[in-house]
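Colleague: Dock chain B against chain A, hints included.
Keeping their order, the protein sequence lines are chains A and B.
Following the numbering used here, the numbering of the first sequence begins with 1 at its first residue and continues without gaps.
Following the numbering used here, the numbering of the second sequence begins with 380 at its first residue and continues without gaps.
No lab work stands behind these hints: they were computed from the structure.
Any given hint could be a false lead.
With beta-carbon atoms standing in for the labels, derived distance ranges [what the hints assert, rightly or not]:
(1) A:K105 / B:N649: 43 to 53 Å
(2) B:I702 / A:G35: 43 to 53 Å
(3) B:S587 / A:R64: 29 to 39 Å
(4) B:H557 / A:R91: 24 to 34 Å
(5) A:E19 / B:P513: 12 to 22 Å
(6) B:D607 / A:K306: 32 to 42 Å
(7) B:T508 / A:K260: 26 to 36 Å
(8) B:V527 / A:P326: 32 to 42 Å
(9) B:H557 / A:E87: 38 to 48 Å
(10) B:T677 / A:P110: 21 to 31 Å
(11) A:G35 / B:N649: 15 to 25 Å
No residue lacks a Cβ here, since even glycine has one placed at the ideal position from N, Cα and C.
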Amino acid sequence: MAEDVLEIENLRLNFYTYEGVVEALDRVKLNLKKGETLGVVGETGCGKSVTGLSTLAIVLPPGRIEEGKVILKTEQNPIDLLSKNEEFLRRIRGRVISMIFQDPKSALNPVYTVGDQIIEVYFHHKRKELIQRVIEQLDASITGRKASFLSKHYKKIYQKMLKNPNAFSLRIQSKIPILRRYKRLLVNEAKKEAINILRAMKIPDPERVVDMYPHELSGGMAQRVVIAMALACSPKILVADEPTTNLDVTVQLQILQLIKELKEEFSSSVIYVTHDMGVIAEMCDRVAVMYAGNVVEIGEVFEIFKNPLHPYTKGLLESIPRLGVPFKSIKGTVPSLIDPPKGCRFHNRCDYAMDICTKEKPNMVEVEKQHFVQCFLYK
Amino acid sequence: MSTLIEVKNLKKYYPVLGGILRRKVAEVKAVDGVNLKIMKGECFGLVGESGCGKTTLGKTIIRLLDVTKGSIYFDVPNDVREEIDKLESSGQDSHRLKELRKKYDLATYKGAMLRAMRRRMQIVYQDPTTSLNPRMLVKDIISEPLIVQGLTQDRNAKVLDILHKVGLTERHLYRYPHEFSGGQRQRIAVARALVTSPEFVVLDEPTSSVDVSMRAQLLNLFQDLQRDLNLTYLFVSHDLSVVECIAHRVAVMYLGKIVELAQTQELYKNPLHPYAQALLTSIPVPDPTIRKRRIILTGEVPSPVNPPSGCRFHPRCIKATEICAKEEPELRNMGNGHLVACHLV
Chain A
1 MAEDVLEIEN
11 LRLNFYTYEG
21 VVEALDRVKL
31 NLKKGETLGV
41 VGETGCGKSV
51 TGLSTLAIVL
61 PPGRIEEGKV
71 ILKTEQNPID
81 LLSKNEEFLR
91 RIRGRVISMI
101 FQDPKSALNP
111 VYTVGDQIIE
121 VYFHHKRKEL
131 IQRVIEQLDA
141 SITGRKASFL
151 SKHYKKIYQK
161 MLKNPNAFSL
171 RIQSKIPILR
181 RYKRLLVNEA
191 KKEAINILRA
201 MKIPDPERVV
211 DMYPHELSGG
221 MAQRVVIAMA
231 LACSPKILVA
241 DEPTTNLDVT
251 VQLQILQLIK
261 ELKEEFSSSV
271 IYVTHDMGVI
281 AEMCDRVAVM
291 YAGNVVEIGE
301 VFEIFKNPLH
311 PYTKGLLESI
321 PRLGVPFKSI
331 KGTVPSLIDP
341 PKGCRFHNRC
351 DYAMDICTKE
361 KPNMVEVEKQ
371 HFVQCFLYK
Chain B
380 MSTLIEVKNL
390 KKYYPVLGGI
400 LRRKVAEVKA
410 VDGVNLKIMK
420 GECFGLVGES
430 GCGKTTLGKT
440 IIRLLDVTKG
450 SIYFDVPNDV
460 REEIDKLESS
470 GQDSHRLKEL
480 RKKYDLATYK
490 GAMLRAMRRR
500 MQIVYQDPTT
510 SLNPRMLVKD
520 IISEPLIVQG
530 LTQDRNAKVL
540 DILHKVGLTE
550 RHLYRYPHEF
560 SGGQRQRIAV
570 ARALVTSPEF
580 VVLDEPTSSV
590 DVSMRAQLLN
600 LFQDLQRDLN
610 LTYLFVSHDL
620 SVVECIAHRV
630 AVMYLGKIVE
640 LAQTQELYKN
650 PLHPYAQALL
660 TSIPVPDPTI
670 RKRRIILTGE
680 VPSPVNPPSG
690 CRFHPRCIKA
700 TEICAKEEPE
710 LRNMGNGHLV
720 ACHLV
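The following block holds chain A by itself, in its conformation from the complex (with noise of 0.2 Å):
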């Protein structure tokens, strides 16, 4: 088996809000291996994107970690995530970790065209590459005999960029008129870097793309920006929050076989939240099955739809339409998480309830070899 490179451990989230504490995330446990797809299932508000949004370490106010870990498994030594500073985090996202938002159209910034708004992927991570590609390129055109006259001077500018990259004469000349234009042979090296990115995401005319506002793309097209985003660094581990829920099915189809050919191709491993179980069995090696909270069950995919075990999954397979069968549906809705029902958090629903459910919490039992679940059935 793979080793594992994230796991969350013991995470606990609460929302501060006028009507009361949230109980958002309560002890949420899950590991992810490499080169594997995990696939987060369950209903709206039980906790899924909170999940995905904390493994880049990422709390949304009025949020607050109360306790737990999110440790990164790098290859010198694990790093808990949590305990990290804005400076450190803001390295690891988007080139170890990186996301896939759900609303492709409010990922991106309407006022900023794509080329820039992945151009800034680069100048984050890659930007001492960048740089030197620039010097590069200035010399040869100086040995090359083709420079203009200001060749040697941007030359020198950017070997200072290099060296220190705070400087103040660099500081002062990015902010005047004309003598800023150094910049633009950096923009142009980007660019040439969004643009293949592009490409491999399989954009038709990723020259013309490049220039065009978000507004001027499709649902499909912004998405696939939104993944060109994410992957511009061939980051390690990949959250994909929702990324085809608003889409029509066939572009899904197409989003879904990117996501996976990426996959392969940057051998990354990919955290996958939906609520879509076809998506699931489709993409996904590994299943985590969330309710209020917690994560109720976990196992391999074909484990899950064999042979569900935890009540709500079942419930949650069964309200899948199918032909001839009548419409089933699991009995209430999602509690409110201000306060939650004592021990069990589904027994109110759970048509198996027993009185040791409503008074304590179940463990995570492992029932079968790597087929966990939170239940009292299985004890």
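Modeller: Below, chain B without anything else, positioned relative to chain A:
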């Protein structure tokens, strides 16, 4: 079964305005020549990608949008329909034809006549959070259609009756929409649509904004109501697995045209049009053991302002031949009520 609605060569174009004078510079051909019949008591499914004109067709049929061209016959006696057909094909006696169409063609209705018809056809919108007025009480939301229609007798009794039918109670009457969950809100929207006891209801993606478990409840509700109140549905959806379970017949739309129409099981088992095939194979199957052969469509739906020549699907079609780019295929009957618009079938 008798026909409730017959749509003939229906067109709905939206103008594209441009220039300083805001003149019409082009047209978005949202619905471009649709023919269909909906039987009484049937659930007619309408599927297709976003932007193919499903919703526009639904709204145009119940005249929420004005018709650009074409006719809609709502519950017209058979002999009248035959006479209109005869007159149209012969091209004579245009005065009589005009008179008949004014009387029976929903597309020509105006004012009081149209309002009277509105009682018989209603719509449930996609997103209940935006289709319900947040500043109105549930009681007022549901009774508003009755007031507009002038059905003020026993108003409260009617509201209560329909409220019980959709699975809500008196307790919910004096509340605002924001106090309800998504599924309950959609129930309120359904109650509002059904309070005037219509015969025909357009369901415009009614389950796309609710959770999986809620979706099943709503679908059950739709089926129960259809049985109890003898309703006819036009079920517009892009969720193909839902349509498979609820609809009796299904039409597949592409760029403002119906490309295939058949009994649900016939269509899902044996799709003939390449687009319908691609659409149906792209549904994710909730079973990891099944890995079916997929037809992945490349590209996206072209702009309906300037649709491709010939068959509108040919630039994306894997089987396209020369004729597809030149001639527009007619909707042909392949037997057993299975209609397909493709040169290659």
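Colleague: Evaluate each hint against the coordinates.
Modeller: Results of checking the hints against the structure:
With their beta carbons about 37 Å apart, A:K105 and B:N649 fall outside the hinted range of 43 to 53 Å. Distance hint check: the CB atoms of B:I702 and A:G35 are about 48 Å apart, consistent with the given range 43 to 53 Å. The hinted range of 29 to 39 Å is satisfied by B:S587 and A:R64, whose Cβ atoms lie roughly 34 Å apart. At roughly 42 Å, the beta-carbon separation of B:H557 and A:R91 lies outside the given 24 to 34 Å, and the hint is violated.
A hinted range of 12 to 22 Å holds for the C-beta pair A:E19 and B:P513, which are about 19 Å apart. Separation of B:D607 from A:K306 is about 38 Å and conforms to the stated range, judged on CB atoms against 32 to 42 Å. In this structure the hint that B:T508 and A:K260 lie 26 to 36 Å apart at CB holds, the actual value being about 34 Å. The beta-carbon spacing between B:V527 and A:P326, approximately 36 Å, falls within the hinted interval of 32 to 42 Å.
Range check, B:H557 to A:E87: about 41 Å between beta-carbon atoms, so the 38 to 48 Å window is met. Taken as a hint, the range 21 to 31 Å holds for the pair B:T677 and A:P110, whose Cβ atoms sit roughly 28 Å apart. Between A:G35 and B:N649 the CB atoms are about 39 Å apart, so this pair departs from the stated range of 15 to 25 Å.
Of the numbered hints given earlier, the model fails hints 1, 4 and 11; all others are met.
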